[in-house]
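Protein chains in written order, with our numbering: chain H, 143 to 472; chain D, 17 to 310; chain U, 398 to 653.
Source of the hints: derived by calculation from the structure; they are not laboratory data.
Some clues are possibly wrong.
Said to hold, decoys possible - Selected chain D positions facing chain H (Cβ under 10 Å, derived; list incomplete): (1) 75; (2) 113; (3) 115; (4) 121; (5) 200; (6) 202; (7) 204; (8) 205; (9) 239; (10) 283; (11) 284; (12) 299.
Unchecked claim - To list a few chain H residues with every Cβ distance to chain D over 10 Å, as calculated: (13) 255; (14) 267; (15) 285; (16) 374; (17) 415; (18) 451.
Claimed, not checked - Part of the chain U face toward chain H, derived, beta carbon under 8 Å: (19) 448; (20) 468; (21) 470; (22) 475; (23) 480; (24) 484; (25) 486; (26) 489; (27) 498; (28) 556; (29) 561; (30) 562.
For clarity, every value in this text was computed on a predicted model and none was experimentally measured.
The beta carbon of each residue, even a glycine, is placed where N, CA and C say it ideally should be.
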Amino acid sequence: MLRVRNVWWIVALAAFVLFPLIETNPTWTTIGIFALIFMGCATSWNMFSGYSGYVNLGSAVSYGVGAYTITLLADHLNVPGNGDLFWLVPVGGLAAMIIAIPVGLIALRVRRHTFVVITIAIFFVFQLSAINFSFTGGTAGLQLPLIPWLETNYNKPFYYAALAIAVFAVLLSVAVRRSRFGLQLLAIRDDEDRAAGLGVKVFAVKLVGFTMSAFVVGMGGALYAIFIGQIYPQFVFDPIFDISIALMCIFGGLGTLTGPLLGALVLESTQQYLAIRFSNGSLYLIIFGSLFLVIVLFMPQGIVVFLGDWRSRRKARLAEGARVVLGEAS
Amino acid sequence: MNGTAVLHSIIDGVLTGSVYALMATGLTLIFGVMNIINVAQGIFVILGAYLSYALSVHLGIDLFVGLAITIPTLFVVGIVVERLFLTRIKGPERVVMSILVTYAVSLVIEGILNMVFSTNYVELHAWYVNRSVKVFGIYLPYIYLLGFAMAVVLLTALYVMLYRTRFGTSVRASLADQTSAALVGINVRRVSTICFGLGVAVTAAGGMIYGATNAFNASSSYDLISRLLVIIVLGGMGSLGGALVAGIMMVTIEDLVAVVWGPVWSNLSFFLILVIVLSLRPQGLFGKQSVRVA
Amino acid sequence: MTTLLSVDRVSKSFGGLQALSECSLSVEKGSITGLIGPNGSGKTTLFNVITGYEKPDSGAVTFEGTEITRASPSRVFALGVGRTFQITRIFARISVLENMLVATQRDEGWLRGLTRSKSSKSELASAMEWLDFVGIVRLADQPAGSLSFGQRKLLELAYVLVADPDVILLDEPAGGVNLTLINEIAEKIRSLNKSGKSFLIVEHNMEFVMNLCDRVTVMHQGADLVSGTPSEIRSNPLVLDAYLGGSDEYDDEEVS
Chain H
143 MLRVRNVWWI VALAAFVLFP LIETNPTWTT IGIFALIFMG CATSWNMFSG YSGYVNLGSA
203 VSYGVGAYTI TLLADHLNVP GNGDLFWLVP VGGLAAMIIA IPVGLIALRV RRHTFVVITI
263 AIFFVFQLSA INFSFTGGTA GLQLPLIPWL ETNYNKPFYY AALAIAVFAV LLSVAVRRSR
323 FGLQLLAIRD DEDRAAGLGV KVFAVKLVGF TMSAFVVGMG GALYAIFIGQ IYPQFVFDPI
383 FDISIALMCI FGGLGTLTGP LLGALVLEST QQYLAIRFSN GSLYLIIFGS LFLVIVLFMP
443 QGIVVFLGDW RSRRKARLAE GARVVLGEAS
Chain D
17 MNGTAVLHSI IDGVLTGSVY ALMATGLTLI FGVMNIINVA QGIFVILGAY LSYALSVHLG
77 IDLFVGLAIT IPTLFVVGIV VERLFLTRIK GPERVVMSIL VTYAVSLVIE GILNMVFSTN
137 YVELHAWYVN RSVKVFGIYL PYIYLLGFAM AVVLLTALYV MLYRTRFGTS VRASLADQTS
197 AALVGINVRR VSTICFGLGV AVTAAGGMIY GATNAFNASS SYDLISRLLV IIVLGGMGSL
257 GGALVAGIMM VTIEDLVAVV WGPVWSNLSF FLILVIVLSL RPQGLFGKQS VRVA
Chain U
398 MTTLLSVDRV SKSFGGLQAL SECSLSVEKG SITGLIGPNG SGKTTLFNVI TGYEKPDSGA
458 VTFEGTEITR ASPSRVFALG VGRTFQITRI FARISVLENM LVATQRDEGW LRGLTRSKSS
518 KSELASAMEW LDFVGIVRLA DQPAGSLSFG QRKLLELAYV LVADPDVILL DEPAGGVNLT
578 LINEIAEKIR SLNKSGKSFL IVEHNMEFVM NLCDRVTVMH QGADLVSGTP SEIRSNPLVL
638 DAYLGGSDEY DDEEVS
């Protein structure tokens, strides 16, 4: 599967690497940063939820924990506003992963559709806690040391950091898919009880997948925090984030590798662009919602699979046509 | 914190909880019969509230009288949504897909409501909205009492329908087991559509009370749907009695916590209780134990 | 002959329905034991109890001296009891070969199972061998969901064998399958039996059972009625009675 398209992966990677060198307008590179953060988060969300079928609608918990961790650490360790902050990003991911353990221990014991709701409830517990507790700064949020790089070059390091996270997420996803662990996640999706009966340690597998996914999303949140420089509880613990991530994966194709990447790239860039062009949020909601409806109803397997089917059908038709032309019996 | 305040909060909780229970019952009915989680229930509540608002402000129609218009309207809206979108959901991931589809629908409706009514907060007004009556030394807002009465009436009507009519029997059969119901000749399609309509129709009533007791705009739907989801999961998804008990219980506890520990904790407690209960009893209070599929 | 698997007066009820009542059964090491009985006699429930998918209300199940009455399915599997299902359950979205690789080897720790790479040579070889044994090796890369019914049955048999179980419980292996395939399956069972595996087979196909099994137990209304060799069973009037009359005709609650 990957062999044929290896070339394309390299081309795509090169394109992403070269992008900010060619396009220096910060508006575009900012869109790029967000797109890449979401591409990383969506890919790792898919690695757990897409593979196992346990749809996690509370991944913003990881995002927010990552953001708050890096902010609080930067404050306590008196990290000045410079490149050192980037070293704390993986720490944010680690914190998110640690928090994901008790969350997973609670949430993964229930059935699939209850799981969805309990992840939402846990999300609200975190959001409301962030709003109400003083060490998190309450609704006023917290501030990070602002990095005093020049305007025109401000985005570049963030862009490459986001790219690094995205690449890491993809490599992790590939490694998981190729491993027995990944197989077991997929088996859980298809028939969890049967998998248990075949010796798969179902709970352990789910927990590990859940926490691995949290790690990457946590890093995404941490990077977001140092990029923006100011975090508010309702922005880092944002229900729209939860749904967007799921949507990007569905849009692209749950369980595929390219799906979440494509979905995140298209949807996040569109969202950022529309947010900039149309300050009118209502129109955006209607467009987004309608688009979503169309995708889910007519291409429920996601674009990647839809296009794949379309291509194989087209190939079949072409082959058929060729046979007719060459006079062979069909 | 004194005894009267505690009693007050409990009574308030029961009164307002009954309205939440009504809306949650609609939601759990939909799930029980159709295996669909209607995340748009929240925005339908707001839609109902806005409709009541429009009728009251532009046509001077009293809020409760207006229900005669808004309830059937939302019933029709529900049926339209079900026919247009939900019938197309196929495949093994039905429940998850339903979440996404209904979420998309709610986004569109939210956008439309924002455009029509703007994002300014509004409230419903009537003579009984800000007035209270003194009962045993406690001031109870008229609207709470009227809302409670309305919820009781509607829920009773719902139960009567379920236990005394043939249609109701079909619904209960579908709730228990869709496949068997179909095998016995019940038109599960029709039952589903009507149940969805009913489940949505109750939001008109709930929405009116919500709008009369809270300032709202379209984004209030998020808080609403998260509470309704918590209620139905706590009560056990698909369990009508569960939604009723859980609805009243959760709102009452929330009000109690607000009085005893402060409003900061009351919001949190709502969700925390769900997490705790589910850790101990994954199927909710009255849900069916998940059958080990051998 | 040593007893490999023994079921001792197991009872199980679901609500008002008594599915098993004081049922006893034993599988001797190296034997092919058949389990027959009219619809609703509790055969699949018994399988579920043995393999840990259901816990009995009373009674005990012992395997190789270890009591497994309340063991979980994965533990029972790890001890060496394999089982197939009446309605084939395979992992539809992954390939046939990958289906084989899901099953863990019996005695590895969970961490090992987690970090083991999918394509360790010996495992792949072993999986391919089993696929070849059941005859579907050419379908190794196909998504399992695209297999025909008969092919799925073979796949189920294959991956139950991957873990090298000592006793294999087969739930209607010949059900819904054409005659050629039935004979093939019987052949495979015989050859596996020769190499030391014991079988407990639930089947409705009398010819299949009588030709293959060296011992047969008849179940009726949740209890074991008679046990003996095929010819003993064939001529036992109680058995005929159970099948033809006197038994309740309720829907087959065994269908998963």
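Comparing the hints with the structure gives:
1. Here the hint on residue 75 of chain D is broken, as its CB sits about 25 Å from the closest CB of chain H, past 10 Å.
2. Hint status for residue 113 of chain D: holds, given a least beta-carbon distance of 6 Å to chain H, under 10 Å.
3. The closest approach between the C-beta of residue 115 of chain D and any C-beta of chain H is roughly 7 Å, which is under the 10 Å cut-off, so the hint is satisfied.
4. The restraint placing residue 121 of chain D at the interface with chain H holds, with a minimum CB-CB distance near 7 Å, inside the 10 Å limit.
5. The beta carbon of residue 200 of chain D is not positioned within 10 Å of any beta carbon in chain H (closest approach about 26 Å), and the interface hint is therefore violated.
6. Contact between residue 202 of chain D and chain H, as hinted, is not supported at the beta carbon level, the nearest pair being about 24 Å apart and thus beyond 10 Å.
7. Because the beta carbon of residue 204 of chain D sits about 20 Å from the nearest beta carbon in chain H, more than 10 Å, this interface hint is broken.
8. The restraint placing residue 205 of chain D at the interface with chain H is violated, with a minimum CB-CB distance near 18 Å, outside the 10 Å limit.
9. Interface restraint check: residue 239 of chain D against chain H, minimum CB-CB distance 9 Å, threshold 10 Å, status holds.
10. For residue 283 of chain D, the suggested interface contact is upheld, since its CB lies about 5 Å from the closest CB of chain H, less than 10 Å.
11. The restraint placing residue 284 of chain D at the interface with chain H holds, with a minimum CB-CB distance near 5 Å, inside the 10 Å limit.
12. With a least beta-carbon distance of about 8 Å to chain H, the hint placing residue 299 of chain D at the interface is held under the 10 Å criterion.
13. The Cβ of residue 255 of chain H does not lie farther than 10 Å from every Cβ of chain D; its closest approach is about 5 Å, which violates its non-interface assignment.
14. The claim that residue 267 of chain H lies off the interface is violated: its Cβ sits roughly 5 Å from the closest Cβ of chain D, which falls inside the 10 Å cut-off.
15. No beta-carbon of chain D is positioned within 10 Å of the beta-carbon of residue 285 of chain H; the least distance is around 23 Å.
16. Every C-beta of chain D lies more than 10 Å from that of residue 374 of chain H, the closest at about 16 Å, which supports listing it as non-interface.
17. Annotated as non-interface, residue 415 of chain H keeps its C-beta farther than 10 Å from every C-beta of chain D; the closest such distance is 17 Å.
18. No beta-carbon of chain D comes within 10 Å of the beta-carbon of residue 451 of chain H; the shortest separation is about 15 Å.
19. A distance limit of 8 Å between C-beta atoms decides the matter here; for residue 448 of chain U the minimum to chain H is near 7 Å, and the interface restraint holds.
20. The interface hint given for residue 468 of chain U is broken, as the beta carbon of that residue sits about 12 Å from the closest beta carbon of chain H, more than 8 Å.
21. Because the smallest distance between the Cβ of residue 470 of chain U and any Cβ of chain H comes to about 4 Å, under 8 Å, the interface hint for this residue holds.
22. About 6 Å separates the beta-carbon of residue 475 of chain U from the nearest beta-carbon of chain H, less than 8 Å, and the hint is met.
23. Hint on residue 480 of chain U holds. Least Cβ distance to chain H is approximately 7 Å, under the 8 Å limit.
24. For residue 484 of chain U, the suggested interface contact is broken, since its CB lies about 11 Å from the closest CB of chain H, more than 8 Å.
25. Annotation: interface hint on residue 486 of chain U holds; nearest CB of chain H at approximately 5 Å, less than 8 Å.
26. About 5 Å separates the beta-carbon of residue 489 of chain U from the nearest beta-carbon of chain H, less than 8 Å, and the hint is met.
27. Taking 8 Å as the C-beta cut-off, the interface hint given for residue 498 of chain U holds, the closest approach to chain H being about 6 Å.
28. Of the supplied interface hints, the one on residue 556 of chain U holds, with its beta-carbon coming within about 7 Å of a beta-carbon of chain H, less than 8 Å.
29. At its closest, the beta carbon of residue 561 of chain U sits 12 Å from a beta carbon of chain H; the interface hint therefore is violated under the 8 Å criterion.
30. Hint status for residue 562 of chain U: violated, given a least beta-carbon distance of 11 Å to chain H, over 8 Å.
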